[in-house]
Amino acid sequence: MPGPLDYALWLVGFLAEIAVVVCAIHRRAFARYIPLLFYLLCDALVTLGLYYCLRNFGFNSSTYFYYYYYSESVLTILMFWVIITFYLQVFEEMGVSRQIRGAAVLLLTLTALFSYAVVHQNRDHLTSRFVVQLNQNLRFVGVVLTYLLWGAILKLRETRTRLVQLVLALGVYFSATAGTYALRNLFPVLQPSVLRWVPPVIGLWLPLAWGFTFVKVPEEARLATARLAVKAR
Amino acid sequence: MIAALICVISLAAFLQFFVSYCRSILASSRKVELSDRVREVTGIANENVGADDFDRLLQLVRLCPERADDQAEIRAVGTYYGLLYFVGRLTRPVIPSVAAWVEQERRSCSYFAAVALDRRISYSRDLFSQQIADRL
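In the order they appear, the protein sequences are chains A and B.
Under the numbering used here, the first residue of the first sequence is numbered 8, with each subsequent residue one higher.
Under the numbering used here, the first residue of the second sequence is numbered 677, with each subsequent residue one higher.
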């Protein structure tokens, strides 16, 4: 059963997501970041749904289990929409929006096929493994997409501080969650004691980091991205 | 096998994203010049803030009244500084070039803490002036 800390994390995450949306509207950034704000709103709604499932069906019910993991998968796919809009912003002067959308659809289809193939091989323990495997693969696709985007930002010398910080926060989120799901697959015994805390804490990171960016970094702020690349001199 | 590969790649990507994110926060403080007031309080004579000054500066920051908008960045940079300290100790005897880079980054963290202190001192003075004005 979730304890007071779980409820506290849910509540803080929910409030932070709503606060980021309000803050973005207040700072007139709504039109430019519609997918990002839509994602945060959906995440807040999913949190409410999760609470509803917990109250009505219980923590150990299959309804709660499937709601948790499948809503995560849907949210990750929504997050791909956010990444695609970041790609479109980075490449907006090159006029390659159609190619970017095509590549994103192809990548999603390949991920679904790959997950299906993996599950097909493990049919005997299909249900519980499938959702974890699917989430791990979706998050890893997120890591790859964000990493490629970060590479493009460095290569094209993108200077918009707000965009850079939003992308980096997303990269931290995806890599941490993909790593956690992979660890969970490797060491299921760690799940109840350690790994169960990582997704809610990392879920908190994203609205806090994005909120910080919207509050502290104006749209017109610029920085030299070459200085951010990790290089030993 | 696939899960192990994803785990290793994700960890490497996480470190890179986290370091770049912290550097993007530090980059904003690099342009800020320290006031004479904060130099006097901290004993910093020139532009170079020592890499080991971070903890001392952070203690001074904590003595000032809190500002709601700088908590998250101070925490993120504090974590980054801790990570750098750990990497610096590991690499100093083995890879001097990495150790030199770590030292430079730690100096940037200390400079960030000095800028945060400067902002908090200004904030405290504003609060104080406001209270005096309210009493009058």
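If you're looking for bench data, these hints aren't it; they were derived computationally from the structure.
The C-beta atom is built at its ideal place from N, Cα and C for all residues, glycine as well.
Hints should not be assumed to be uniformly reliable.
Label-pair restraints from in silico Cβ distances [as the list claims (entries may be wrong)]:
#, chain 1, residue 1, chain 2, residue 2, range
1, B, Asp728, A, Gly102, 36 to 42 Å
2, A, Phe194, B, Ile808, 55 to 61 Å
3, B, Ile808, A, Arg39, 18 to 24 Å
4, A, Thr92, B, Pro741, 24 to 30 Å
Capping the alpha-carbon separation at 30 Å, the derived lysine-lysine pairs in BS3-like fashion look like this [what the hints assert, rightly or not]:
#, chain 1, residue 1, chain 2, residue 2
5, A, Lys223, A, Lys162
6, B, Lys707, A, Lys223
7, A, Lys162, B, Lys707
Structure-based check of each hint:
{"no.": "1", "hint": "Asp728(B) to Gly102(A): 36 to 42 Å", "verdict": "51 Å, violated"}
{"no.": "2", "hint": "Phe194(A) to Ile808(B): 55 to 61 Å", "verdict": "60 Å, holds"}
{"no.": "3", "hint": "Ile808(B) to Arg39(A): 18 to 24 Å", "verdict": "43 Å, violated"}
{"no.": "4", "hint": "Thr92(A) to Pro741(B): 24 to 30 Å", "verdict": "39 Å, violated"}
{"no.": "5", "hint": "Lys223(A) to Lys162(A)", "verdict": "25 Å, holds"}
{"no.": "6", "hint": "Lys707(B) to Lys223(A)", "verdict": "15 Å, holds"}
{"no.": "7", "hint": "Lys162(A) to Lys707(B)", "verdict": "24 Å, holds"}
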